[in-house]
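Dock chain to chain to rebuild the complex, using the hints, since each chain is given by itself in its own frame.
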Amino acid sequence: MSMSTLAVTIERSAGGQTTFKVPAHDNQTVLDVVSWVQQNADPTLSYRFACRVGMCGSCAMMVNGVPRWTCRTHISKVLEGNAVTIGPLRNLPIIKDLAVDMDPFFDKWVAAEGVHHGALTRNDPIADIDESSAARVTANAGIECINCSVCYAACDTVTGNDAYLGPAALQRAWTLLNDAKDEGRVAILDAVSGVGGCHNCHSMGSCTHLCPNDLDPMTAIAGLKRETAKTVWKRGR
Amino acid sequence: MKAVINRAHPLWLAHVLHRLSGLALALFLPLHFWVLSLALTDPARLDGFLALTDQTVVKLAEYGLVFLLAVHMFGGLRVMAMEFLPWTAPQKTLAAMASALSFLIATLFFLQAL
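Residue numbers (this note's numbering), protein chains in the order written: chain R, 1 to 237; chain P, 1001 to 1114.
Calculated directly from the structure, the hints in this document are not laboratory data. Just so you know, even glycine gets a beta-carbon here, dropped at the ideal spot from N, CA and C. There may be inaccurate statements among the hints.
Said to hold, decoys possible - Covered stretches of chain P, as calculated for chain R (at least 3 residues, CB under 8 Å): (1) 1002-1008; (2) 1082-1092.
What the hints assert, rightly or not - Computed, partial: chain P to chain R, Cβ under 7 Å: (3) L1011; (4) W1012; (5) H1015.
Here chain P stands alone, though its shape is the one from the complex (with noise of 0.2 Å):
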């Protein structure tokens, strides 16, 4: 832990937060294509499943679930536009700002769609 205060800057917190979920996400994307082949393969099973995400707990789950898409992908391009745009470090906070907003206004919409 003290490790981890000891480094606790913002550049290291996004490094670990981008691995971190890179991992998870890498952890459940297998589970997530075989539940997607049940649809193939044992139809019945995948309709048990399916009832599932009905829960609050799943729906919970599913929410940290599109925490970590977005956390990884937004740190990607965090990455690609920190060493790869020779910006300056103000142009870089409105970008990672105007990222931030964009991705905001999509979730309303979406959680709007609903």
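Bound conformation, chain R alone (with noise of 0.2 Å):
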């Protein structure tokens, strides 16, 4: 096989792996390697993408074993001479070949209060909001989250506790928690100090060091514990 063809091996929901030999480009990112297998090779494989420019978060899938975005994962980053396995993402459930089941994942946003816990009506001036705050700051640092589920699927922890919440939800709770215009602080704290809370996270970092958009929830992750372990010091909220 000469290095003008891919050798890529998509995991399949049927069992197995399959080896298609796909034709190598200059300019190829991952997706549309597998796009090329679904459009020429075999109509029968299942993914999932949308926007292909990395703003949808669904076309994240397991290369080489490491969750990636794969319309932003150029084919040569990641090629092991002219092979590259792709399978579908970890710790969610998969309906076929590389499409999973986001469900839990996002079952988990809203479970770890991730929605918007508003206290004016429409009728209500337009609040302001000091843009150099140290508390607004901190929650732009998480607002650029697209969900796509790279984090969770990197997590080892979520791999070990099906109820831990995981990185994404954690995240978005901690950018809520700092947002002047969200009035649930109570309620997420709650949320994020249960049995599948922000206590669960072990800090192996897995979920920065792969967040495709450079965040990093693991640092947040470390904002809920310090603010849920205060208000336990503090006896009572």
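Set out below in structure tokens:
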């Protein structure tokens, strides 16, 4: 097999793996390779993507055992020789082939109180936000999450503990906790200090290491650990 | 092995080192206390055991033990600093360097005293 052909091994839900010969190009993402297989070699291959530009967060897969956003991962960065292995995201139920069920990921997002807790109505004036305040800077650090679940798939604590809310959901909780417009402080701290909460985190840091948007869920979770601990020491909220 | 290579970034390696050193120390400590207890129950046997510690192999093992203790202690301090001090990354690097340096100096002093 020459270098102008890639050996692309794809893990299939029917069991086993299939290796495809895919023509190599100068500019080719992992998603391009998967799409080529589906369009030219095996139309039964299931996978998920939408925007192709790193905004929608739907195309994450395991690439050589590492979770990555496939639309923004150049194939040359991950090739081992001329081979690559692509599988469905870890820590989530497989629907078919490379498409996983994202429900547990989003259910935990909500379970961590990753929802807006508003106190104002549409008739109230829009609250002024000081963009330079420390809390706002902290909140801003986490708002570019695209829900791709790369951090969730990277987390060994999630693998070992089904109840663990995971890096993305906890980072969202931390963002809302620091958001002056969110009134859910008590609900959030309750949600993140439970059985599956922030204190499960072992600070292994794979979430932060692999986040495609360079976010830092590990530090966000450390913030939640501090806040929940402070709350306990204050005895009551 | 591939699973390790896939995760081999400093924070993960620090976590694994901390966890493995903890396990190794947990295995060592019962043995350690048992040997200490010989001072009360069977002094002659303790003396026999202490004679063993003059061997190079045992000295090397002791070096490993000190390494485990050091790595576990600083691993624990690292986790506490990382999680409970809202510091920035450069500050943490400086703190880690300061701890490592002070540990080095203390060890050198200790070796000199022997």
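Hints versus structure:
With 4 residues carrying a beta carbon less than 8 Å from a beta carbon of chain R, the segment 1002-1008 of chain P meets the three-residue requirement, and the given coverage holds. Beta-carbon proximity to chain R at under 8 Å applies to 4 residues in the segment 1082-1092 of chain P; the threshold of 3 is reached and the given coverage holds. Restraint check, P/L1011 versus chain R: the minimum CB separation of about 3 Å is within 7 Å; hint holds. The beta carbon of P/W1012 is positioned within 7 Å of a beta carbon in chain R (closest approach about 5 Å), and the interface hint is therefore held.
Against a cut-off of 7 Å between C-beta atoms, the interface hint on P/H1015 holds, since the closest Cβ of chain R lies about 5 Å away.
Checked against the numbered hints given earlier, the structure satisfies every one of them.
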